[in-house]
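**Q** First to last, the protein sequences are chains A and B.
Quick note: the first sequence uses this note's numbering, first residue 17, plus one each step.
Quick note: the second sequence uses this note's numbering, first residue 54, plus one each step.
Honestly, the hints are just simulated from the structure, not real lab data.
Check before you lean on any hint, since a few could be wrong.
Computed from the model, here is a short list of chain B residues facing chain A with C-beta under 10 Å [what the hints assert, rightly or not]:
#1 120
#2 121
#3 124
#4 236
#5 241
Quantities reported herein were computed from a predicted structural model and do not represent experimental measurements.
Glycine included, C-beta positions come from ideal geometry on N, C-alpha and C.
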Amino acid sequence: MSIAVKNVIKRFGNFVALDDVNLDVSGGSLLALLGPSGSGKTTLLRIIAGLEGADRGTVHYHDEDVTKRSPRDRNVGFVFQHYALFRHMTVFENVAFGLRVRRAPKDKIESRVRELLQLVRLEGFGGRYPPQLSGGQRQRVALARALAVEPAVLLLDEPFGALDAKVRQQLRQWLRRFHDEIKVTTIFVTHDQEEAFEVADRVVVMNNGRIEQHGTPQEVFDHPANPFVMDFLGNVNVFQGRLQNGKMLLGGIEMAYPDYPHGESRAATAYIRPHELDIDRSPADASSLRAKVLQINPNGSVAKVRLESENSHLELNVEINLDRYAELGLRPGDLVHVAPRRFRVFFPEDYAI
Amino acid sequence: MDADRHAVATAEPQRRFRQDPLLIRIPLILAGIVIVGVLIVIPVVNVFYQALSHGFGTYWRNLVDDADTRHAILLTLIVAPISVALNVAFGIAAAWAVTRFRFSGRTLLVTMIDLPFAISPVVAGLMFVLLFGLQGYFGPWLRDHGVRIIFALPGLILATTFVTLPFVARELIPVMEALGPEEETAALSLGANGWQIFWRVTVPNIKWALLYGVILCNARAMGEFGAVYVVSGHIAGQTDTMPLRVQKLFDEYNNPGSFAVASMLTSLALLTLLAKVWLERKTRREIAAGARIGSAVPRIDDIGETP
Numbered sequence: 017m018s019i020a021v022k023n024v025i026k027r028f029g030n031f032v033a034l035d036d037v038n039l040d041v042s043g044g045s046l047l048a049l050l051g052p053s054g055s056g057k058t059t060l061l062r063i064i065a066g067l068e069g070a071d072r073g074t075v076h077y078h079d080e081d082v083t084k085r086s087p088r089d090r091n092v093g094f095v096f097q098h099y100a101l102f103r104h105m106t107v108f109e110n111v112a113f114g115l116r117v118r119r120a121p122k123d124k125i126e127s128r129v130r131e132l133l134q135l136v137r138l139e140g141f142g143g144r145y146p147p148q149l150s151g152g153q154r155q156r157v158a159l160a161r162a163l164a165v166e167p168a169v170l171l172l173d174e175p176f177g178a179l180d181a182k183v184r185q186q187l188r189q190w191l192r193r194f195h196d197e198i199k200v201t202t203i204f205v206t207h208d209q210e211e212a213f214e215v216a217d218r219v220v221v222m223n224n225g226r227i228e229q230h231g232t233p234q235e236v237f238d239h240p241a242n243p244f245v246m247d248f249l250g251n252v253n254v255f256q257g258r259l260q261n262g263k264m265l266l267g268g269i270e271m272a273y274p275d276y277p278h279g280e281s282r283a284a285t286a287y288i289r290p291h292e293l294d295i296d297r298s299p300a301d302a303s304s305l306r307a308k309v310l311q312i313n314p315n316g317s318v319a320k321v322r323l324e325s326e327n328s329h330l331e332l333n334v335e336i337n338l339d340r341y342a343e344l345g346l347r348p349g350d351l352v353h354v355a356p357r358r359f360r361v362f363f364p365e366d367y368a369i
Numbered sequence: 054m055d056a057d058r059h060a061v062a063t064a065e066p067q068r069r070f071r072q073d074p075l076l077i078r079i080p081l082i083l084a085g086i087v088i089v090g091v092l093i094v095i096p097v098v099n100v101f102y103q104a105l106s107h108g109f110g111t112y113w114r115n116l117v118d119d120a121d122t123r124h125a126i127l128l129t130l131i132v133a134p135i136s137v138a139l140n141v142a143f144g145i146a147a148a149w150a151v152t153r154f155r156f157s158g159r160t161l162l163v164t165m166i167d168l169p170f171a172i173s174p175v176v177a178g179l180m181f182v183l184l185f186g187l188q189g190y191f192g193p194w195l196r197d198h199g200v201r202i203i204f205a206l207p208g209l210i211l212a213t214t215f216v217t218l219p220f221v222a223r224e225l226i227p228v229m230e231a232l233g234p235e236e237e238t239a240a241l242s243l244g245a246n247g248w249q250i251f252w253r254v255t256v257p258n259i260k261w262a263l264l265y266g267v268i269l270c271n272a273r274a275m276g277e278f279g280a281v282y283v284v285s286g287h288i289a290g291q292t293d294t295m296p297l298r299v300q301k302l303f304d305e306y307n308n309p310g311s312f313a314v315a316s317m318l319t320s321l322a323l324l325t326l327l328a329k330v331w332l333e334r335k336t337r338r339e340i341a342a343g344a345r346i347g348s349a350v351p352r353i354d355d356i357g358e359t360p
């Protein structure tokens with residue numbers, strides 16, 4: 017079922033949690049709401065679920081306006097950040113809760129719960145109580161409980177937030193496969209960009225109660241709409257420079273930027289990701305920058321190199337693959353040349369932050 | 054096992070090191086024993102001793118032969134449960150309002166709940182007399198409509214409920230605050246209505262705190278004297294409760310009778326105390342059991358078992 021959020025505004029006192037938010041989620045997709053804390057992503061999720069009311073604007077489920085409907089009647093499955101399992105009930109009773117309050121027949125409850133426990137791979141755990149389970153198991157009980165009522169929409173608030181790194185990694189992949197199996201429209205909230213990109217079909221980046229960008233992970237990562245998204249999606253080198261005659265001038269170097277052919281000089285900011293910079297022993301062309309190696313950190317599949325440019329004393333972060341690193345034989349203190357393969361330009365006056 | 058032994062081994066010398074010298078310990082312990090003995094143990098034992106001093110038969114006759122005493126016992130057994138029930142309803146409603154909603158006047162409400170602890174019970178009784186008594190604001194209207202509150206059962210219940218108002222609410226507020234609204238919100242999202250949320254989620258989570266509040270509330274309700282004294286008019290055989298009856302018998306120099314009723318009241322208090330200790334043990338055991346099971350059950354690690 018598709019979901020549409022139209023012109024939603026939500027305030028808590030003087031704090032604007034959501035500022036005229038519009039969002040369309042197509043049926044059967046898996047969407048991530050990504051943003052720093054306080055960006056309004058959880059509030060948006062709760063408004064979609066009906067656990068929070070919007071001050072203005074509407075929520076639609078498949079062309080139907082559900083803004084005034086209580087969460088009971090919206091048929092959503094909600095998985096809470098800290099699971100909110102009923103601590104005095106067994107796993108079986110937790111999962112059965114939604115069916116019991118709807119007065120489903122006993123044999124139907126029995127078979128449905130068994131089926132769900134199997135789906136989340138917790139067969140044989142039905143008689144346990146929540147405190148007897150590990151974090152990942154509780155998470156899956158919460159998921160089974162939300163799915164028991166056959167929701168049209170599944171909403172998850174920071175589903176992996178409270179788990180340790182290894183379990184989180186496993187559950188991410190599991191959620192992805194799981195969604196491919198059950199195909200219910202799913203929205204989850206996260207502040208972890210890696211998680212959003214790994215699991216979701218589509219990513220919505222939020223900041224200060226607004227949606228900054230909405231697209232596939234690839235689109236968002238390759239074409240960030242603005243400096244905030246660029247910055248939020250991971251490490252980035254930021255250079256202040258000027259544009260003129262199809263060139264970007266940064267300190268002592270110049271790089272081709274055909275999108276700006278004008279003669280009038282304009283201040284601009286260039287954003288370059290660490291893996292988009294190359295290190296060489298000899299200068300490549302006019303776009304390479306002399307820099308001194310400060311620190312090297314071979315980390316997994318890449319070597320992270322921290323450098324300082326010679327004339328402007330800018331700090332640079334570069335990631336090169338391990339083969340290249342071995343080939344160069346870098347040591348702290350070496351003087352090398354750094355050249356960008358690609359970069360993005362934003363005009364500071366367009367994005368006054 | 055090993056970890057336990059280790060913990061004991063390191064804790065032992067530390068404890069010895071921390072202990073105060075005998076010169077301080079012995080007088081402190083003695084002072085404690087003497088104070089508890091003189092103020093609590095001897096008087097309580099004496100109540101039973103006096104009551105039974107003429108034998109068990111006399112004791113029994115003192116309790117059941119006097120119609121006024123029988124009525125007083127009955128009246129206490131009527132007033133206390135009704136007050137407790139009213140306080141359960143009020144306590145849950147107040148705790149729910151205070152912990153689940155943010156509204157203006159919330160802090161004031163929390164403070165007002167404590168007010169009956171601060172006000173002298175006699176003053177509390179007087180307040181009701183001034184409101185509902187014949188000379189009070191509502192007195193003439195109530196008399197015209199044939200309703201008696203002061204010097205009657207409703208007044209006793211009103212005064213007792215007022216004095217015991219904080220007990221249930223004060224037990225529930227911290228517990229419900231600690232539980233948080235998450236489970237109730239989860240139930241709501243799963244399609245439960247308010248009533249189902251209350252009975253299936255809230256009540257099971259607060260039942261021990263509620264029972265604890267009920268026990269304390271009941272003890273106080275049965276023993277209430279001051280407020281009830283003022284509103285009851287202490288009419289023998291009509292509005293005398295057990296504490297009032299004790300005082301009246303004592304005033305009439307009927308010491309064996311007085312002590313018999315007093316001993317019964319004390320027995321009820323001791324029973325309450327036992328129930329309280331049992332409940333505390335039970336909840337502590339339940340918490341400990343939960344923690345132990347939680348750590349002892351081998352955790353089949355998450356996705357490891359999936360194909």
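**Q** Does each hint fit the structure? Answer for all of them.
**A** Hint check results:
Residue-level restraint check for residue 120 of chain B is violated (minimum Cβ-Cβ distance to chain A is 48 Å; threshold 10 Å). With its C-beta approaching chain A no nearer than about 47 Å, residue 121 of chain B sits outside the 10 Å limit, and its interface hint is violated. At a threshold of 10 Å, the smallest CB-CB gap from residue 124 of chain B to chain A is about 43 Å, leaving the interface hint violated. Restraint check, residue 236 of chain B versus chain A: the minimum CB separation of about 5 Å is within 10 Å; hint holds.
With its C-beta approaching chain A no nearer than about 6 Å, residue 241 of chain B sits inside the 10 Å limit, and its interface hint holds.
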